[in-house]
Amino acid sequence: MKMPVSVNLNGRSETIDVEPYWTLQRLLRDELDMTGTKEGCRTGNCGVCTVLIDGQAVKSCLMLAAQTDGHQVTTIEGLAKGDELHPLQRAFVELGAIQCGYCSPGFILAATAFLNENPSPTRKEIADALEGNLCRCTGYIKIFEAIEAAAVELRKS
Amino acid sequence: MAAPTALRTIGQSIPKRDAYSKATGGAAYAGDVRFPGTLEAKVLRSTHAHARILSIDTAEAEALPGVYAVVTGKDVPPTRIGRFIRDRHALAREKVLYFGEPVAAVAAVNEETAERAIRLIKVQYEELPAVFDPEEALAPGAPILHPDLPSYVDTGRPERSGNMRNRVVHEVGSVDQAFAEPGLIIYEATYRTPRQSQAFTEPHAAIAQTDPDGKVTVWAATKAPFGERQSVADTLGLPLSRVRLISPVVGGDFGGKGAAFIEPIVALLSRKARRPVRLTLSRMEEITAMTSRPSCVIRLKMGVRPDGSIVALDGTMLMNVGGVDDTGGGGAGAANSLIGAYRIPNARVVATSAYTNSSPAGHVRAPGGPQTSFATESHMDSLARLLRRDPLDLRLQNALRDGDTAPSGHGILRNVGLQACIERARDWMASNLGDIGPNEGVGVALSLWALHPNPAKVNSSATVRIDMDGGVVVLTGVTDQGGGQWTIVRQVAAEVLGVPIERVSVIAADTEATPQEQGTGGSQTTYRVGNVIRQAAEDARRKLLRLASERLGVDEEELDTQDGEVFSRSDGSKRLTVAEIAQTAGGSSSGPIIGTDAEDREREIREQGEERTETVDAPSFACHVAKLSVDPETGLISVSKYYTSQDVGRALNPRNCKGQIEGGVVFGLGYALSEEILSENGTNLNANLWEYLLPTAPGIPELTVELVEVPSTFGPFGAKGVGETPCIPVAATIANGVEDAIGVRVTQAPLTPERVLAAIQARGKS
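Those protein sequence lines, which keep their order, are chains A and B. For the first sequence, position 66 matches number 66 in our numbering, and the numbering has no gaps at all. For the second sequence, position 504 matches number 661 in our numbering, and the numbering has no gaps at all.
Just to be clear, a hint being listed does not mean it is correct.
Claimed, not checked - Calculated from the model, a selection of chain B residues having no Cβ within reach of chain A, i.e. all distances over 12 Å:
#1 Lys179
#2 Thr312
#3 Asn555
#4 Gly710
#5 Gly856
#6 Glu866
#7 Gln918
Said to hold, decoys possible - Covered stretches of chain B (in silico footprint by chain A; criterion: 3 or more residues with CB under 8 Å from a CB of chain A, positions within the stretch not fixed):
#8 380-391
#9 499-512
#10 833-842
In case anyone wonders, no lab produced these hints; they're calculated from the structure. Remember, it's a predicted structure, so these values are computed and weren't measured experimentally. For each residue, glycine too, the CB sits at the ideal point set by N, CA and C.
In isolation and in its complexed conformation, chain A is listed as follows:
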């Protein structure tokens, strides 16, 4: 039986009826058609489904939709301000951190949460923070470079 969940989704307060067994990933992708949150393993290992819950990076395949009640959920669709990309998004695009792009939403959101906590990270701190996100295309190098560039940008603002 469905249950109502009150959630702030990308800045909008909404009440959504969810089945108790739905994961947040399923709610986003299959019920709300918000497909920027990807699906890669459903076991919490690849990180392509990463979203922010109250600013913390969470793998949406490991969280039930019902658990978001009373929380703020930010997906990749909610990161840009209108047409203005988030500095991380811009850096990923401009610095070649996106090849196939399937892991990109997850990386960008995981990095958003990380830079909030550590605005001036070393390369090693970035790498350690991203252990839970897999990328098969880039070898991670351009992702590191993009996060470093975005960190500089974010510190200015």
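Following the hints, position chain B against chain A.
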């Protein structure tokens, strides 16, 4: 060819346009395509490695509320499908040949119902004797997987019989005689390499829609929509024109997405259910039942003179291609890459691939490359050790040079950048390696790819259209699975036409809207498709200039294009925008400006005074260096620095080009250190991402990529292929570094801590 005066976009690191939608979550991959009323599919898979199907009872599943369609092998015609050899059916008909082979499929209102329905299907099997080891599979008395193998349709005509899928014998010179030379130092060893998963982050996904009149459209995560259309059409018994395949953005391919394993199934379901049907595979299905790089055993013998010149090589390769094969023969065609980047006058390689009841083998980045390189480049280091020579020195002494015959015996090598790569690597080593501590070491290895004459037929074409507003649209069948193919297409068209890159867009990879294309792969897209785009853009440019010439009263030869304008070189006041010309074109006798790739490649090459079949104009070489340490207590390898110099011909987009190489190196690091599909009686044991270990961010070494540019003769603007070369020699580079660090030779990849430790302990005992 019309060479523009100064290059505007070629050589610029233009960001990928599709990256914007990927960064914001707007890019629709196949699994993101949505239609109202879409059903969810699930596949029932074989629970045996080899068995006869006695009966399938679907009655209960069909009766379950919410189930719209159930399909089995009975819905599939006897015609076999496959990308290279046609050796399978979309759903097993009489026998299953591997654990996880699709047996039935269901479409239902939601995933839960489909899952429940799958469990209600009753399959009766009669188990058959199974064989998992390729050597046993080839022995007399082994159970035969494909009794009708000789009658299968295959793209090549290899030697095949029994369970032998393919055998290639490659021989140059007089090998036995050469090994008999007095004083020759002979070294022999056996190398083993693992099965590797492509492990793209996006699993296979497809959605099919059937029109009321029976036409089927499939949106699929594939790099070869035209080839897959054939498999879908054959499975459904439809003419090609009644099937449409569309490849949207693809979330990584690495060789694995183009074989039509799931597309025919969703198409069958959607036809039966009369609703759109979609399927996304689980990671377990990906690693259990989809293709992987075939495991390989290589026995290698080389003979070298005391002065360091290698005179003889004798090698055998045996590959396990599983129950059905999507490799084109296990990579046996790449047998001559076992000869490496060296001039060896007497060489013999016998490469065999065998069917077994293991999961299917397929293409994985640089098919055949990492296996052969692990053997040859490990062997080169062992020879250097025997001769007390510097390993890079010995390689340089024997390295292929410009003008040499390719190791395959076909074609003359041109534009060889190998020596330049080695020199750059040496320079880097001299100033960047730093002190080498205890248990630390340095490994080197060379890489090679594409040492063959490029084909006459490119199996690709393109259309370049100039719109009324001066915008340019390129129609191409090529997919972009992340390599930046569509960006290269735009850059080449923009450059040839002299329009700003922002004005060029691409319509791609749709069998109904775009011209034929064989599929992205083999590091050949920039070279092959790039040329086709160049030709089509040149054709459009000719038409543009002809119209401009009429309007301006200036000879065509006098005209040039730049920044979206056509102008007279001698009188700058005579100019028109591309838009102004395009607007009048529609009403002119020549019609709208549409360029096609009309040029015959064979003729283009002959005009340059060369013969295509004799010219290896875009050979790809690289030199790799790793600095690493080995923990002698645990066997764990830590790579601190990694370097590669690679000849890319010309970097059309340097940042994307480097990105390909970085990604390739790390792909190779996975193969070198941790990636291996483990299997027991045909069941893959680590079919998930917590036991199949991919490289992660914390393990990435400091990585330096240097681009060497020795232009190809016939690639667009001198480009060569890039993507495969960097993943090939990494395992050997690491193994060579390990021996340098702790003095033990590990001959089996990946070099897991267990294997390194076992090698250390084995040395202790001897």
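Taking the hints in turn, this is what the structure says about them:
{"no.": "1", "hint": "Lys179", "verdict": "3 Å, violated"}
{"no.": "2", "hint": "Thr312", "verdict": "27 Å, holds"}
{"no.": "3", "hint": "Asn555", "verdict": "30 Å, holds"}
{"no.": "4", "hint": "Gly710", "verdict": "44 Å, holds"}
{"no.": "5", "hint": "Gly856", "verdict": "8 Å, violated"}
{"no.": "6", "hint": "Glu866", "verdict": "19 Å, holds"}
{"no.": "7", "hint": "Gln918", "verdict": "31 Å, holds"}
{"no.": "8", "hint": "380-391", "verdict": "violated (count 0)"}
{"no.": "9", "hint": "499-512", "verdict": "violated (count 0)"}
{"no.": "10", "hint": "833-842", "verdict": "violated (count 0)"}
Violation of the numbered hints given earlier is confined to hints 1, 5, 8, 9, 10; the remaining hints are satisfied by the structure.
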